[in-house]
Amino acid sequence: MATEDRGPAPIERPEGKHLHAVPDDRLAVVGKPWRKIDARARVTGQTRYADDLSAPRMAFCKLLRSTQAHARIVRIDTSAAEAMPGVYAVLVGKELPIAFGILPVSQDEHTLCIEKVRFVGDPVAAVAAVDEDTAWEACRRIVVEYAPLPVVSDVFESAATDPQAPAEHRIHDYGRVGNFHRQENLEFGDLAQGFAESDLVREDYFFFEGNTHLPMEEHATLAQFDPDGKLCVQSSTQTPHYLHRALAKVLAEHVPAHKIRVIACPNGGGFGGKSDPFSHEIAVAMLSIKTGRPVKITLTREEVFYTHRGRHPVLMRSRIGVSRSGRIKALDFESHLDGGSYGSYGTASTFYTGALQCVTYQVENYWFRGARHFTNKAPCGPKRGHGTPQPRFALEVQLDKLAVELGLDPVRIRRDNLTEANSLTANWMRIGTQSLRQCIDKVVDGSRFLERWQKQPYGKGLGLACSSYLSGAGLPIYWNALPHSGVQLKLDRSGLVTVFCGSTDIGQGSNSILAYVVGEVLGLEPQDLRVVTSDTDLTPVDLGSYSSRVTLMTGNAALQAAERARDLIVPHVADKLGVPRNRIGFAKGRVFDVGDPDRGMPFADAVQLAESKLGTLGTTGSYRPPKSPARYKGGGVGPSANYSYTAAVVEVDVDPETGIYKVPRVWVAHDIGRSINPCLVMGQVEGSVYMGLGEAMMEEMSYRPDRFGVHKIPSMLDYKSLTSMEMPEVTTWLVGDPDPNGPFGAKEAGQGPLLPMMPAVANAIFDAVGVRVDEVPVTPEKVFAAMELARKGKDPRVGPTRTPPVEWPEARRVRTPWQGGTGLEIEREQEELAASRGNGPKGGA
Amino acid sequence: MDRRKTLGEFRVNGERREVAYEPHRTLLEVLREDLGLTGTKHGCELGECGACTVLIDGTPVLSCLTLAQEVEDRPIETIEGMADKGELHPLQDFSAELGASQCGYCSAGFMLAAKALLAANPAPTRDEIRAALAGNLCRCTGYVKIFEAVELAAAKQRGEPCTPSRECTHGH
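Protein sequence lines, in the order shown, are assigned to chains A and B.
Quick note: the first sequence uses my numbering, first residue 1, plus one each step.
Quick note: the second sequence uses my numbering, first residue 1, plus one each step.
Since the hints were derived computationally from the structure, they do not count as laboratory data.
Check the hints yourself; a few may be wrong.
[Unchecked claim] Label-pair distances were calculated between CB atoms; the ranges are:
(1) R3(B) <-> T498(A): 20 to 28 angstroms
(2) P227(A) <-> P75(B): 42 to 50 angstroms
(3) P166(A) <-> Q69(B): 51 to 59 angstroms
(4) P75(B) <-> D598(A): 50 to 58 angstroms
(5) V143(A) <-> R3(B): 47 to 55 angstroms
(6) G820(A) <-> S165(B): 46 to 54 angstroms
(7) R3(B) <-> K249(A): 48 to 56 angstroms
[What the hints assert, rightly or not] Coverage of chain A stretches by chain B, computed from C-beta distances (three or more under 8 angstroms per stretch; other residues unrestricted):
(8) 35–45
(9) 203–217
(10) 259–269
(11) 502–513
(12) 688–702
(13) 728–737
[Stated by the list, open to error] Calculated cross-link-like contacts (lysine to any residue; reagent style SDA-like; alpha-carbon spacing at most 20 angstroms):
(14) K5(B) <-> K32(A)
(15) K662(A) <-> A131(B)
(16) K156(B) <-> V130(A)
(17) K712(A) <-> A131(B)
(18) K32(A) <-> P75(B)
(19) K32(A) <-> A131(B)
(20) K156(B) <-> R35(A)
(21) K5(B) <-> G86(A)
(22) K32(A) <-> A132(B)
(23) K720(A) <-> P164(B)
(24) K85(B) <-> D133(A)
(25) K720(A) <-> K156(B)
(26) K720(A) <-> K5(B)
(27) K720(A) <-> C162(B)
(28) K85(B) <-> G86(A)
(29) K720(A) <-> A131(B)
(30) K32(A) <-> E167(B)
(31) K5(B) <-> D131(A)
(32) K85(B) <-> K32(A)
(33) K32(A) <-> T163(B)
(34) K662(A) <-> D127(B)
(35) K32(A) <-> C162(B)
(36) K5(B) <-> V130(A)
(37) K5(B) <-> R35(A)
Built from N, CA and C at the ideal position, the CB exists for glycine as well.
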C-alpha cells in the first residue's frame, strides 16, 4: 500500500482537551460528511421502532382518558370491562399509588388518576386484552363518575384563583399559592441605575402560543415481565435512564431497580416530546406484571396531542433601557408560562425563559421574573429550544423596534451589543467561543439585507434575528455527583471495536457520532465499528437525548474511552516495532510507526498483541460538564460547556389585501464550533428552520375555553404544519471556532437554529407592511388585523397589552461580574464573608 | 363484530402471499401485522400524514385508508421491495448519503411517492418535486435534503452526473 493511500497523517499523541486545535486536514473521520452508520436500515424499512415489535402471547393495551378538564373522581366501576371475553386485566390508579414526574421537585403525576383528573385526556384506567378492538371496547364499558371542579384555562384565570376557595379548586396542592406552580425573581446588578442611565426605555408585551412536537411516530411501548421476575420495557423514549428511574420508583413493590431493563427504541422523531416518563409506559409494565404476558400500547395521534409536553404558551412583558447608541443598559423581563396540568420539566422551563438572553447580548443589569401557572390543559414541557424561543421572540422583536426608534438598523444594534468570547454574563453564564458576528455577516451579506431593508416595495420584507443555545445542560435533572455520560469500549481480537453508550438516537445521528469519534482516534472507518446504545442493562448511563447535550457529552466520553484504548495498545506495538511510544500512529485500520508508515500492523493484530500482554481489553470514558460560576439559587439552569450561536434572515412576501404571506427564502448561519459531521449539522439546521417557521407561521395548540378545556384540533390535518409546498429555499453557512470544551471543538446544532425564525418572521412582516404582530404564530389573520388598524390610523399592532397581577416573592439579588460579584446572592456572599472572618462554623471540636 | 377471516392473495413486492385476514382490515394492518412488513409506517391512520404510503399498480396510495380487500391481486410495492437484491434504489442511496432520512419514520412513504414521480417524470423541477411530495409530512429534515436526494436520484437514473454539491453537505 502506498503511503499516500493512508490518508492524513495521524494526530501525534494529542490529549483530548487539545483536540479542538487539530486542523481539519489532519482529521480522517471528523469533519467529513459520512453516512450515518444506521442509514441503510432507515432507508430500507429495517429500523425497528417500538410499534414494530411484537412478542408471543402479547396483549394489547388501551387507556381510558378523562372527558373532564377538572373533576373529582367519585367512582370507577370496571366490572363490565373485566367480564368481557378477551380482557386479561384492568388497571386503575389506586393500584399504583406512588407518584412520579421527571423532576424531583414536581413528583405530581400518577400512572392513572386516583382522586381527580386535571385535563381532558388525563389517563384514568388501562385495559390489557387480546387485541386492540377488545381493549377499546372494554375501556368504553368502564364507568367513571366525575364531580366537576372549576376549570382554569389560562394564566389570568390561574392568577385570579381565590385563595379562600376550597382546596380542591387548586389543580395541585403544592406551589406557593393558588394555581401558581413556580414564581422566580432574580435580579442581577442595579436595575434602577441601569434605567436611569438609559436614553430610551421601551416596554412591550408579547405572547407566544403553545405548540407541539408532532413527531411522525406515535408513542409506543412494549413491556415484558419474565418468569425470573425481570421486567423489560422497550419504548419510544428519548430518556431511557429517566424512565428507568420512574419505573423503579412507581413499581418499587413489584420489581427492584436492578431487575428493570429499559431499551429505548430508535425514535421516530422526538423534539422533546418523548423525554418525560409517561403513564402509558408504566401502565403496560404493570399490566405485564399482572397478566404474565408481554403488553404493548401504541397511542393514537389524538392521544399524542394529549400526551403533549410541548411548547409552553408564554405571556411576556419586557422593559428595556438603552443608550442613544443602542447599548443595552437594563432589561426587566417578566414571563408567565401556561404550564398545563402537571409539572413536567416546567421548573426548568420557567428558568429557561430567563437564562439565555444575556448569552447573546451584553446586558449590563438584568431582572428576571418568571411564573409558571397550572391550567387544565395537556401538560407542557420541553420542546426544541426549551423555554428559550419565547423570550428570544420578545427580545429580538424589541431590538428591532428599538433600532427603528433610534434610527439605527437592525444589524448595527445587534452587532453593537454582542457578547464576547470567553466572557461572563450578568447572570454568570460562562461563554466560550462566540462567532455570532461572523454569523450575522454571512446572512446580512448573503441576503443583501442592508441594501434591501426598508427599501423594497410594500409587501416585500426582510427580518433579522439572532440567538444562542446551550450544548447540554450543565446540571443533571436529579442532583448527583455522577457522570452525565458514560461510554465503554470492548476491543475484540477480530479488530472489532464495540462502543457501548446509554445515548438514544432520535434521528439526529447520535449513534453515528460515537462511531466517528472513536473511529477518528483509533484510525478506523465508522462503518467498521459496532455501536450498542440506549439499553440500561448493557450500556453505561447517558442522561438522554435532550438539551442538545448528546454530541458534546457522549462525544467527550467516547473520546476519553478511545484515548484510553489507544494507550493500552501503544506500548506493546512500540515495543514490538522498537520505536518510542510517541511515534505510534493509528490510521486506515493500521497501527504503525509514523516515522516509517510501512512498519506496522493491522489494527486487529495490535489488539491481539495488547490482549496477549494485558488480558481482555476494554476501557471506559465518562463526562461531566465543567462547574458553573453561577452559584446562586436558580443558577443551575442555563450553564453549559459551550454555547452555539445562530443568525437568520427571513424574506416574506405579503399580500396587502389579505395578510396572507409566503416565506420564499431563508438565510441562516450557525456557529457550530467544528462539525463532527457537516452533513448531519446541515440536516439539523434545515430541520430547525422548518420547525421554527412552522411555529412562526401556523402551529398552535388551541383549546376551547368555552367548552371546558377541550383541544380544538387534535389531528395532523387541522394542526397546521409546513408541507413541502411552504418550505422555503434555505441558504446555510456553518461557521465557528472549535471550542475547547467540545469534542474536536463541536457545539450543538439541534435546537439553536430554530430560535431566530419566529422573531425574524415578525420583523420581516414589519419591514414588508409596517405592522407589528407581537404574537406567535404570526397568522395572516393577525397581519390583516394589524393592517386594518393602520388603515384606520390606529396603532398598527396586534398583541397582548397586560400580564396578570402577581405578588412576586422577594428578589434574590446577585451582583454582576463587573460589580465584583462572586456568583452568589448578596445575602450569601455576606454569610461567606462572615464565615471567612472567623465567625464561621461554631461548636464541635 | 364479525371476526371470521377471509382468505386472500396479495402480490407484494413481486411475491404472491396468501393471507387469512379479517375483511375490515386495512392494507396497512395486513402489511404490518399479517405479513410482517413493518417498514410501512403509520402516523395518524386517518390519511393525514402520508407515512403509510405504498404503491398500488405504481401509484402512491395511503394504505391506512385502503381496505385490503380492494387491492387483492394487484401489484403492491412497499419499502421492503425497493432495493434490488441488496442494492439500494437510487432514492434510498441518496437519502442515506444526504441524511434525508433522519429519524426515518416518514422515509418509506416519501421514497415510494418519489419513485412514482420519477417513473412519470424523469426530470422533475424542484416545484414538481414539492407538489408530488406535498401529501407526505416530515418533521425532521425541513424537506430540503429530501428534495436534493430526489434530484440526485433522478439525475442518476438519467445517467447524468450526480455528486452532491459541497453547499448541500457543508453549507456555503
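Each hint, compared with the structure:
{"no.": "1", "hint": "R3(B) <-> T498(A): 20 to 28 angstroms", "in the structure": "violated, 47 angstroms"}
{"no.": "2", "hint": "P227(A) <-> P75(B): 42 to 50 angstroms", "in the structure": "holds, 45 angstroms"}
{"no.": "3", "hint": "P166(A) <-> Q69(B): 51 to 59 angstroms", "in the structure": "holds, 57 angstroms"}
{"no.": "4", "hint": "P75(B) <-> D598(A): 50 to 58 angstroms", "in the structure": "holds, 57 angstroms"}
{"no.": "5", "hint": "V143(A) <-> R3(B): 47 to 55 angstroms", "in the structure": "violated, 26 angstroms"}
{"no.": "6", "hint": "G820(A) <-> S165(B): 46 to 54 angstroms", "in the structure": "holds, 53 angstroms"}
{"no.": "7", "hint": "R3(B) <-> K249(A): 48 to 56 angstroms", "in the structure": "violated, 40 angstroms"}
{"no.": "8", "hint": "35–45", "in the structure": "holds (count 9)"}
{"no.": "9", "hint": "203–217", "in the structure": "holds (count 5)"}
{"no.": "10", "hint": "259–269", "in the structure": "holds (count 4)"}
{"no.": "11", "hint": "502–513", "in the structure": "holds (count 4)"}
{"no.": "12", "hint": "688–702", "in the structure": "holds (count 4)"}
{"no.": "13", "hint": "728–737", "in the structure": "holds (count 5)"}
{"no.": "14", "hint": "K5(B) <-> K32(A)", "in the structure": "violated, 54 angstroms"}
{"no.": "15", "hint": "K662(A) <-> A131(B)", "in the structure": "holds, 16 angstroms"}
{"no.": "16", "hint": "K156(B) <-> V130(A)", "in the structure": "violated, 49 angstroms"}
{"no.": "17", "hint": "K712(A) <-> A131(B)", "in the structure": "violated, 28 angstroms"}
{"no.": "18", "hint": "K32(A) <-> P75(B)", "in the structure": "violated, 41 angstroms"}
{"no.": "19", "hint": "K32(A) <-> A131(B)", "in the structure": "violated, 32 angstroms"}
{"no.": "20", "hint": "K156(B) <-> R35(A)", "in the structure": "holds, 18 angstroms"}
{"no.": "21", "hint": "K5(B) <-> G86(A)", "in the structure": "holds, 18 angstroms"}
{"no.": "22", "hint": "K32(A) <-> A132(B)", "in the structure": "violated, 32 angstroms"}
{"no.": "23", "hint": "K720(A) <-> P164(B)", "in the structure": "violated, 32 angstroms"}
{"no.": "24", "hint": "K85(B) <-> D133(A)", "in the structure": "violated, 38 angstroms"}
{"no.": "25", "hint": "K720(A) <-> K156(B)", "in the structure": "violated, 35 angstroms"}
{"no.": "26", "hint": "K720(A) <-> K5(B)", "in the structure": "violated, 39 angstroms"}
{"no.": "27", "hint": "K720(A) <-> C162(B)", "in the structure": "violated, 35 angstroms"}
{"no.": "28", "hint": "K85(B) <-> G86(A)", "in the structure": "violated, 42 angstroms"}
{"no.": "29", "hint": "K720(A) <-> A131(B)", "in the structure": "holds, 17 angstroms"}
{"no.": "30", "hint": "K32(A) <-> E167(B)", "in the structure": "holds, 13 angstroms"}
{"no.": "31", "hint": "K5(B) <-> D131(A)", "in the structure": "holds, 15 angstroms"}
{"no.": "32", "hint": "K85(B) <-> K32(A)", "in the structure": "violated, 29 angstroms"}
{"no.": "33", "hint": "K32(A) <-> T163(B)", "in the structure": "holds, 15 angstroms"}
{"no.": "34", "hint": "K662(A) <-> D127(B)", "in the structure": "holds, 15 angstroms"}
{"no.": "35", "hint": "K32(A) <-> C162(B)", "in the structure": "holds, 19 angstroms"}
{"no.": "36", "hint": "K5(B) <-> V130(A)", "in the structure": "holds, 16 angstroms"}
{"no.": "37", "hint": "K5(B) <-> R35(A)", "in the structure": "violated, 45 angstroms"}
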